[in-house]
Amino acid sequence: KQEVTQIPAALSVPEGENLVLNCSFTDSAIYNLQWFRQDPGKGLTSLLLIQSSQREQTSGRLNASLDKSSGRSTLYIAASQPGDSATYLCAVTPLDTGRRALTFGSGTRLQVQP
Amino acid sequence: DTGVSQDPRHKITKRGQNVTFRCDPISEHNRLYWYRQTLGQGPEFLTYFQNEAQLEKSRLLSDRFSAERPKGSFSTLEIQHTEQGDSAMYLCASSLMGSSGRPGNTIYFGEGSWLTVV
Numbered sequence: 001k002q003e004v005t006q007i008p009a010a011l012s013v014p015e016g017e018n019l020v021l022n023c024s025f026t027d028s029a030i031y032n033l034q035w036f037r038q039d040p041g042k043g044l045t046s047l048l049l050i051q052s053s054q055r056e057q058t059s060g061r062l063n064a065s066l067d068k069s070s071g072r073s074t075l076y077i078a079a080s081q082p083g084d085s086a087t088y089l090c091a092v093t094p095l096d097t098g099r100r101a102l103t104f105g106s107g108t109r110l111q112v113q114p
Numbered sequence: 001d002t003g004v005s006q007d008p009r010h011k012i013t014k015r016g017q018n019v020t021f022r023c024d025p026i027s028e029h030n031r032l033y034w035y036r037q038t039l040g041q042g043p044e045f046l047t048y049f050q051n052e053a054q055l056e057k058s059r060l061l062s063d064r065f066s067a068e069r070p071k072g073s074f075s076t077l078e079i080q081h082t083e084q085g086d087s088a089m090y091l092c093a094s095s096l097m098g099s100s101g102r103p104g105n106t107i108y109f110g111e112g113s114w115l116t117v118v
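First to last, the sequence lines map onto chains Z and V. First residue of the first sequence? That's 1 in this note's numbering, and the numbers climb one at a time after it. First residue of the second sequence? That's 1 in this note's numbering, and the numbers climb one at a time after it.
Source of the hints: derived by calculation from the structure; they are not laboratory data. Computed from a prediction, not measured in an experiment: that's the story for all the values here. Every residue gets a Cβ at the ideal spot worked out from N, C-alpha and C, and that includes glycine. Misleading hints may appear alongside valid ones.
As the list claims (entries may be wrong) - Just a few of them, taken from the derived set where beta-carbon distance is under 7 Å, the chain Z residues facing chain V:
(1) LEU49
(2) LEU89
(3) ALA101
Said to hold, decoys possible - Label pairs and their computed distance ranges (CB to CB):
(4) LEU95(Z) / ARG59(V): 31 to 41 Å
(5) GLN17(V) / TYR76(Z): 39 to 49 Å
(6) THR38(V) / ASN22(Z): 15 to 25 Å
(7) GLU78(V) / TYR76(Z): 35 to 45 Å
(8) ARG59(V) / SER28(Z): 18 to 28 Å
Chain Z extracted, bound-state conformation (with noise of 0.2 Å):
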């Protein structure tokens, strides 16, 4: 069974920092991983897709890395601003072609100061 770990649970930096967010996942068996925003009390923005067979995509001032092998992705954030305070999540799509459930790490809550 596929197993998501998202590290820290919980970040706070000031204004201005870049900063990483880890994804870990049990299964390398998977066709995509997604990184998803989530503000308090909505529903979940995608990020950021990558494909099993690729590295990295970029989008602004997020970038989004996967080492398939190892079982892990990063979500770098550059120069953070007090609007990217929210909950990040990454969610993995399994190769099965008979599954196509998302499976879902528990979230990073991050706030970032003023």
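Let chain Z serve as the given structure and place chain V on it in line with the hints.
For chain V alone, kept in the frame of chain Z given last:
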């Protein structure tokens, strides 16, 4: 608005009552998913549809839960005889299956339906 919409956004019900949530996916999306999320946890998969066919159900989906997508468009999730443990946010999401049979695009979530069972 062309995003995923869910209704109602909040529902408070007494234990033992039945509740139904509705999800309208992005119009051209053929896949629709239901997830459940409790505070401090990531979403847990419940079930998904490809068009009108329900193709996968989690063991979390007990006999009290039923989901339908009658015409391959909107979907409903019904919970019968609600229990306090059903209190959670119920998230709907949709995506478009790629031509290879693989999910080529990202998955889009609605704002969720909060259920409180008292």
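Verification of the supplied hints:
Hint status for LEU49(Z): holds, given a least beta-carbon distance of 5 Å to chain V, under 7 Å. The interface hint given for LEU89(Z) holds, since its Cβ lies 5 Å from the closest Cβ of chain V, which is under the 7 Å cut-off. Among the interface hints, the one on ALA101(Z) holds; its C-beta lies about 4 Å from the nearest C-beta in chain V, closer than the 7 Å criterion. For the hinted restraint 31 to 41 Å between LEU95(Z) and ARG59(V), the CB-CB distance of approximately 21 Å leaves it violated.
Roughly 47 Å separates the CB atoms of GLN17(V) and TYR76(Z), a value that falls within the hinted 39 to 49 Å. THR38(V) and ASN22(Z) have their C-beta atoms about 23 Å apart, which keeps the hinted 15 to 25 Å range intact. A hinted range of 35 to 45 Å for the beta carbons of GLU78(V) and TYR76(Z) is consistent with their spacing of about 42 Å. Checking the proposed 18 to 28 Å range against ARG59(V) and SER28(Z) shows it holds: the Cβ atoms sit about 24 Å from each other.
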